[in-house]
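Asks: If you read the protein sequences in the order shown, they are chains U and D. Be aware that the first sequence starts at 3, since it is given in the working numbering, and climbs by one per residue. Be aware that the second sequence starts at 33, since it is given in the working numbering, and climbs by one per residue.
FYI, nobody ran anything at the bench for these hints, they're computed from the structure. Just so we're clear, the structure is a prediction, and the values are computed from it rather than from any experiment. A portion of the hints provided could be inaccurate.
Cβ-Cβ distance ranges computed for the label pairs, FRET-style [said to hold, decoys possible]:
hint : chain 1 : residue 1 : chain 2 : residue 2 : range
1    : D       : P178      : U       : R136      : 22 to 32 Å
2    : D       : P34       : U       : Q140      : 46 to 56 Å
3    : U       : R64       : D       : A138      : 25 to 35 Å
4    : U       : R114      : D       : L221      : 47 to 57 Å
5    : D       : R43       : U       : R26       : 30 to 40 Å
6    : D       : L99       : U       : S191      : 25 to 35 Å
7    : D       : P178      : U       : Q140      : 54 to 64 Å
8    : U       : G76       : D       : S135      : 42 to 52 Å
9    : D       : V50       : U       : P28       : 46 to 56 Å
10   : U       : R184      : D       : L221      : 52 to 62 Å
11   : D       : R45       : U       : A139      : 34 to 44 Å
12   : D       : G82       : U       : T73       : 40 to 50 Å
Derived DMTMM-like pairs (lysine to aspartate or glutamate); straight-line CA-CA distance at most 25 Å [as the list claims (entries may be wrong)]:
hint : chain 1 : residue 1 : chain 2 : residue 2
13   : U       : K266      : U       : D256
14   : D       : K76       : D       : E51
15   : U       : K231      : U       : D265
16   : D       : K124      : U       : E12
17   : D       : K47       : U       : E166
18   : D       : K47       : U       : D16
19   : U       : K231      : U       : D256
20   : D       : K124      : U       : D265
21   : D       : K47       : U       : E56
22   : D       : K124      : U       : D92
23   : D       : K124      : U       : D200
24   : D       : K124      : U       : E56
25   : D       : K124      : U       : D209
26   : U       : K231      : U       : D209
27   : D       : K124      : U       : D256
28   : D       : K124      : U       : E166
29   : D       : K47       : U       : D209
30   : D       : K124      : U       : E59
Which stretches of chain D does chain U cover? Using the computed rule of at least three CB atoms under 8 Å from a CB of chain U, they are [to be verified]:
hint : region
31   : 113 to 125
32   : 128 to 140
We treat Cβ as the ideally placed atom computed from N, Cα and C, and that holds for glycine.
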Amino acid sequence: MADEMTADFEKRYDGGPTIRAALRLPVGHSHVTVLFGPSGAGKTTVLRCLAGLERPERGRIRFVDEPWVDTDLGVMASPQARGIGYLFQDYALFPHLTVAGNITYAIHGLDREEQHTRLAEMLRLLRLEGLEDRRPAQLSGGQQQRVALARVLARRPRLLLLDEPLSALDAPTREQLRGELRSVLRGQSMPTLCVTHDWVEALTLADDVAVMAGGRILQTGSPDQVFSKPANADVAAIVGVETVILGRVSGRQDGLAAFDVGDKRLWAVEASSISAFGPRT
Amino acid sequence: MPIAYWLTYSRWRWKFLVESVVALPLVLPPTVLGFYVLVAFGPKSSLGQGYQALVGHPLAFTFEGLLFASVLYSLPFAVQPFTSAFGAVDPKLVEASWTLGISRLATFLRVTLPLSIAGVVTGLVLSFAHTMGEFGVVLMVGGNIPGVTRTVSIDIYDEVQALNYAGAAETALVLLIFSFVTLSIVYALNRRMWVVWPTR
Numbered sequence: 003m004a005d006e007m008t009a010d011f012e013k014r015y016d017g018g019p020t021i022r023a024a025l026r027l028p029v030g031h032s033h034v035t036v037l038f039g040p041s042g043a044g045k046t047t048v049l050r051c052l053a054g055l056e057r058p059e060r061g062r063i064r065f066v067d068e069p070w071v072d073t074d075l076g077v078m079a080s081p082q083a084r085g086i087g088y089l090f091q092d093y094a095l096f097p098h099l100t101v102a103g104n105i106t107y108a109i110h111g112l113d114r115e116e117q118h119t120r121l122a123e124m125l126r127l128l129r130l131e132g133l134e135d136r137r138p139a140q141l142s143g144g145q146q147q148r149v150a151l152a153r154v155l156a157r158r159p160r161l162l163l164l165d166e167p168l169s170a171l172d173a174p175t176r177e178q179l180r181g182e183l184r185s186v187l188r189g190q191s192m193p194t195l196c197v198t199h200d201w202v203e204a205l206t207l208a209d210d211v212a213v214m215a216g217g218r219i220l221q222t223g224s225p226d227q228v229f230s231k232p233a234n235a236d237v238a239a240i241v242g243v244e245t246v247i248l249g250r251v252s253g254r255q256d257g258l259a260a261f262d263v264g265d266k267r268l269w270a271v272e273a274s275s276i277s278a279f280g281p282r283t
Numbered sequence: 033m034p035i036a037y038w039l040t041y042s043r044w045r046w047k048f049l050v051e052s053v054v055a056l057p058l059v060l061p062p063t064v065l066g067f068y069v070l071v072a073f074g075p076k077s078s079l080g081q082g083y084q085a086l087v088g089h090p091l092a093f094t095f096e097g098l099l100f101a102s103v104l105y106s107l108p109f110a111v112q113p114f115t116s117a118f119g120a121v122d123p124k125l126v127e128a129s130w131t132l133g134i135s136r137l138a139t140f141l142r143v144t145l146p147l148s149i150a151g152v153v154t155g156l157v158l159s160f161a162h163t164m165g166e167f168g169v170v171l172m173v174g175g176n177i178p179g180v181t182r183t184v185s186i187d188i189y190d191e192v193q194a195l196n197y198a199g200a201a202e203t204a205l206v207l208l209i210f211s212f213v214t215l216s217i218v219y220a221l222n223r224r225m226w227v228v229w230p231t232r
């Protein structure tokens, strides 16, 4: 069996919906899973349960052969013990520390030389050279985002959890950072679970997409599968397919499929016959 | 500080009882608190007996006894500013530190404490100043033993009783100036809030 992280748990809030999540993430190499869905779907709760910031009422979370949560056995690993990197939506940079202080915060235990090497590496990777002595309040939104990412990557986590990493930014910065974030994540050797409600972000970053709504994961698959073949009308509505018509496939020929809808026949290009896909076609 | 930390982060449903106990000295007449502390220190109580067996002399009417009573009496003046300062630190910063692998204690020392330093200094200064000026508890628990448990405020009372108004005025002025300077420091540190009575 390949190394993977598995999670299957339930989290209840007083007066709120029950959040149920079942996920599998491949471990040990770069792989980005995007948890995609509208606001209030329970995405952040899933992330917080994986991070150890919330305690699920029922279920199991296992990282390779390490149990993080097992409610039957009373196992609940602390956030400190999980070796994760968690990027908060508003970055949660320490306002009393400089950029360098924030980045080296979690690697205090390493010797001075190693700390310097890692700091220099992170400053270079995230293009923060020259900003070492600034405080978070003196940085732009995009710079803050990069410092927060540098801070979590500096300690080389085993799993990266990103909560709406680009949502606090203005549109042009978001556009620019999206590509950067993708290349940074591709260069890491750890899996990432990224929460977003922005389908462009999901398409740009994802190797796999899990669509979530109403506290449930409705469909999991490659962006191609999820965005061009939504499993049901709910997923279609969430991923932005605007028109849903129920029909019956009556025939296939030369990469075209014929649908009978009422007394009309429609022709559609089969997704498997095209290499690129368009989410809204 | 541990009490303030616990009060800030505990979700225990009966927490308000502990909050009330800590705040009691704010509303109780000092003589009431002093009376209970004196009874608790006395030779008939287990605390008094235990202390005597351990140290060899009773707790009441000693400097140590006075110190203990003063800590109790000034507790809300330290705990309330500490609690409101800790509570004002964004919980996300604390969580961020935890997810970065930093222990709860180290997170408190490296994030919570530096970010609530104004409230902590306020608590320290206020409780110190309040202890300087206390009267009733000191008289009940400490007695009035020159060189051991006679405090500035009791000294003023003694001087007035002895009709030595000049001596009383001198000491009173020192206490007045000290209190003013102390409060000025507190308000200079916290320009935007009403710190002597922190709202939570």
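Asks: If a hint holds in the structure, say so; if it does not, say that too.
Replies: Here's how the hints hold up against the structure:
1. Between P178/D and R136/U the beta carbons are some 58 Å apart, a value that contradicts the proposed interval 22 to 32 Å.
2. The hinted range of 46 to 56 Å is not satisfied by P34/D and Q140/U, whose Cβ atoms lie roughly 35 Å apart.
3. Distance hint check for R64/U and A138/D: the Cβ-Cβ separation is about 28 Å, which falls inside the suggested range of 25 to 35 Å.
4. The hint said 47 to 57 Å for the Cβ distance between R114/U and L221/D, and at roughly 34 Å that hint is violated.
5. The hinted window of 30 to 40 Å between R43/D and R26/U holds, with their beta carbons roughly 33 Å apart.
6. The given range of 25 to 35 Å is broken by L99/D and S191/U, whose C-beta atoms sit roughly 58 Å from each other.
7. P178/D and Q140/U have their C-beta atoms about 58 Å apart, which keeps the hinted 54 to 64 Å range intact.
8. For G76/U and S135/D, the hinted distance range of 42 to 52 Å is not satisfied, since their beta carbons lie about 22 Å from each other.
9. The hinted range of 46 to 56 Å is satisfied by V50/D and P28/U, whose Cβ atoms lie roughly 48 Å apart.
10. Here the CB-CB span from R184/U to L221/D is close to 46 Å, at odds with the stated 52 to 62 Å.
11. A beta carbon spacing of about 38 Å between R45/D and A139/U agrees with the range 34 to 44 Å that was offered as a hint.
12. Between G82/D and T73/U the Cβ separation comes to about 44 Å, which falls inside the hinted range of 40 to 50 Å.
13. At roughly 20 Å between alpha-carbon atoms, K266/U and D256/U fall within 25 Å of each other, so this suggested pair holds.
14. Taken as a hint, the K76/D and E51/D pair is broken in the structure, with Cα atoms around 29 Å apart against an allowance of 25 Å.
15. For the hint linking K231/U to D265/U, the alpha-carbon distance of about 24 Å falls within 25 Å, and the restraint holds.
16. In summary, the hint linking K124/D to E12/U is supported, as the alpha carbons are separated by about 23 Å, within the 25 Å threshold.
17. For the proposed pair K47/D and E166/U, the alpha carbon gap of about 35 Å is over 25 Å, so the pair is violated.
18. At most 25 Å may separate the alpha-carbon atoms for a hinted pair to count; K47/D and D16/U meet this at roughly 20 Å.
19. Restraint check for K231/U and D256/U: satisfied, since their Cα atoms lie roughly 19 Å apart, inside the 25 Å limit.
20. Distance restraint check for K124/D and D265/U: the Cα-Cα separation of roughly 58 Å exceeds the 25 Å cut-off, and the hinted pair is therefore not satisfied.
21. For the hint pairing K47/D with E56/U, the CA-to-CA distance comes to about 21 Å; that is within 25 Å, so the pair holds.
22. For the given pair, K124/D sits about 9 Å from D92/U by alpha-carbon distance, which is consistent with the 25 Å threshold.
23. Proximity of K124/D to D200/U is assessed by CA-CA distance (about 23 Å); at most 25 Å being required, the pair is judged to hold.
24. A distance of roughly 13 Å separates the Cα atoms of K124/D and E56/U; the hinted pair therefore holds under the 25 Å criterion.
25. For the suggested pair K124/D and D209/U, the alpha carbons sit about 29 Å apart, so the restraint of at most 25 Å is broken.
26. Between K231/U and D209/U the CA atoms are separated by roughly 16 Å; this keeps the pair inside 25 Å, and the hint holds.
27. For the suggested pair K124/D and D256/U, the alpha carbons sit about 56 Å apart, so the restraint of at most 25 Å is broken.
28. A distance of roughly 15 Å separates the Cα atoms of K124/D and E166/U; the hinted pair therefore holds under the 25 Å criterion.
29. Between K47/D and D209/U the CA atoms are separated by roughly 47 Å; this puts the pair beyond 25 Å, and the hint is violated.
30. For a cut-off of 25 Å, the pair hint linking K124/D to E59/U stands: about 22 Å separates their Cα positions.
31. Three residues within the 8 Å Cβ limit are the bar, and the region 113 to 125 of chain D against chain U gives 3, so the coverage statement holds.
32. With 8 residues having a beta carbon nearer than 8 Å to a beta carbon of chain U, the region 128 to 140 of chain D meets the requirement of three or more and the stated coverage holds.
Consistency with the previously given hints fails for numbers 1, 2, 4, 6, 8, 10, 14, 17, 20, 25, 27, 29, ordered from lowest to highest.
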